[in-house]
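K.L.:
Below, each chain spelled out in residue letters.
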Amino acid sequence: MSIRHSLLALLSEGPKYGFQLRQEFEVSTGDVWPLNVGQVYTTLDRLERDGLAESDDLDTDERQRNFRITRAGEEELSRWLRTPPDLTQPPRDELVIKVLVAFRLPEVDVFEVIQVHRRYLVQLMQQWTRLKEDESHFDLAFALAVDAELFRLDSVVRWLDAADGRLRRFHLEAAEDRTVAPPRIRRRIGAHR
Amino acid sequence: MSMLELRNVSKVYGEGATEVDALSDIDLAVERGSLVAIMGPSGSGKSTLLTIAGSLELPTTGDVMINGTNVVGMSRYDKARLRRRTIGYVFQDFNLLAGLTAVENVSLPLELDGVPLKRARVQGMSALDALGLAHRAGRFPDELSGGERQRVAIARAVVGERSLLLADEPSGALDSVNGEAVMRMILAACHGGVAALVVTHDAKLASWADRVVFLRDGRAVDETLPPQPPEELLSQQATNP
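Protein chains in written order, with the numbering used here: chain H, 1 to 193; chain U, 1001 to 1241.
Hints listed in this document are in silico derivations from the structure and should not be mistaken for laboratory results.
Wrong hints could be hidden among the right ones.
What the hints assert, rightly or not - Under the rule of at most 16 Å between Cα atoms (straight-line distance), these lysine to aspartate or glutamate pairs were calculated in the EDC-like manner:
#, chain 1, residue 1, chain 2, residue 2
1, H, Lys98, H, Glu112
2, H, Lys132, U, Asp1063
3, H, Lys98, H, Asp147
4, U, Lys1079, U, Glu1104
5, H, Lys132, U, Glu1232
6, H, Lys132, U, Asp1210
7, H, Lys98, H, Asp164
8, U, Lys1079, U, Glu1057
9, H, Lys132, U, Asp1021
As the list claims (entries may be wrong) - Facing chain H, according to a computed beta carbon distance under 7 Å, are these residues of chain U, among others:
#, residue
10, Gln1123
11, Met1125
12, Ser1126
13, Asp1129
14, Ala1203
15, Trp1208
16, Arg1219
17, Thr1224
18, Pro1227
19, Pro1230
20, Leu1233
The beta-carbon is built from N, C-alpha and C at its ideal position, and this holds for glycine as well.
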């Protein structure tokens, strides 16, 4: 999550005070990514230093200062919004590694390992779902942020399901191969002739 | 007393060499006001479990208790009456009758149960109204969107005094926003005292449940623990921004 660009986005709506930016940042990210106060003000100082934002009275505290976005800041925001995050390199996924290791170890039931993780993920999804269950104080930004978490976790569950299915098929085929091994060998010999 | 209780339920299809164990030793209870989801891949026995829970099929062995009454051994007439009065079904493909309007579809189970037409329609309208569909009551299924058709199906499942709702992939082919709306409606019915059992392969739908049971090759292999308070997630985020 880029605090820098989120603050630029808030400033693109119009000039704002430091304390106001902190409050609006928390609202816009649905409280899912709370910040400590220092991060907002440090980032505002850097935005000023880089010429992306400016304020009038440098002597007053950041909370009381009125910030506005510069032309360079607007251009930076526009560029950032349209730059896809780098998804070309797959992250080193601990869960994938655990399943691969479990598959290799003969004394480990890989399906039991998969189920342990599946259950944990579904429980986590239940927690996230509870967060958006109460619609009486509906917050669009919060709902979007929770959806993002749910979709991310769901994709991991789907991968586990796919891995489960693929490994079962592998085991079945391996068992069938063992059962019909002699005829297959004969067929191969025959083909060579 | 649980609204639905399966005790040591097994179901075998075929005989001899063609025998298939569709369900084995299932113990499952669904309390009033709670939503239980059954998750599992295709062929794991989810739909068989639901049809047995709904008394549409009998188990090979074991007991199916609905509101304290054992369905096994019950006459066909009594089972049909139990289904009309107590159980509501929601299917993936809605199963609405094309020649009936939304309100006629919803009030049909009441009419079949002998409720006078006028009273059945009033209750049907009330169920539609609760799901925000009163203004579409006179429309036929092919005049409704997919989301609206599924809402009508849910209204039909909970109309009257039904206390057990059984749903098979209730969001069907709906998009995720409409799928969520369907689960919210089922949850609202549970908050009103209905016991609901939903089978799905979709973790996003299952995550609305109080408890998720994992089915594999006809056996209940695992289930979720009681959910932790959701606020914990936010406090964890706050410490790891």
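K.L.:
Taken at face value, is the distance from the CA of Asp164 (chain H) to the CA of Lys98 (chain H) at most 16 Å?
P.N.:
Status holds; Cα separation ~13 Å.
K.L.:
Checking hints one by one. Is Gln1123 (chain U) an interface residue toward chain H, by the C-beta closer than 7 Å rule?
P.N.:
26 Å, violated
K.L.:
Using 7 Å as the Cβ threshold, decide whether Pro1230 (chain U) counts as touching chain H.
P.N.:
4 Å, holds
K.L.:
May I ask you to test the interface hint for Ser1126 (chain U) with respect to chain H, counting a Cβ-Cβ separation under 7 Å as satisfied?
P.N.:
21 Å, violated
K.L.:
Hey, Lys132 (chain H) versus Asp1063 (chain U), does the alpha-carbon distance stay inside 16 Å?
P.N.:
37 Å, violated
K.L.:
Have a go at the Ala1203 (chain U) hint: is there a Cβ in chain H nearer than 7 Å to its own Cβ?
P.N.:
Holds - the Cβ of Ala1203 (chain U) comes within 7 Å of chain H, reaching about 4 Å at its closest.
K.L.:
May I ask you to test the interface hint for Asp1129 (chain U) with respect to chain H, counting a Cβ-Cβ separation under 7 Å as satisfied?
P.N.:
18 Å, violated
K.L.:
Are the Cα atoms of Lys98 (chain H) and Glu112 (chain H) separated by 16 Å or less?
P.N.:
12 Å, holds
K.L.:
Please check whether Met1125 (chain U) passes as an interface residue: C-beta within 7 Å of a C-beta belonging to chain H.
P.N.:
24 Å, violated
K.L.:
Hint validation: Arg1219 (chain U) versus chain H, beta carbon distance must be below 7 Å. Holds or violated?
P.N.:
12 Å, violated
K.L.:
Please verify whether Lys98 (chain H) and Asp147 (chain H) have alpha carbons no more than 16 Å apart.
P.N.:
Judged against 16 Å, a Cα distance of about 26 Å means the pair is violated.
K.L.:
Quick one, are Lys1079 (chain U) and Glu1104 (chain U) close enough, alpha carbons at most 16 Å?
P.N.:
23 Å, violated
In this structure, the hints that do not hold are numbers 2, 3, 4, 9, 10, 11, 12, 13, 16, in rising order.
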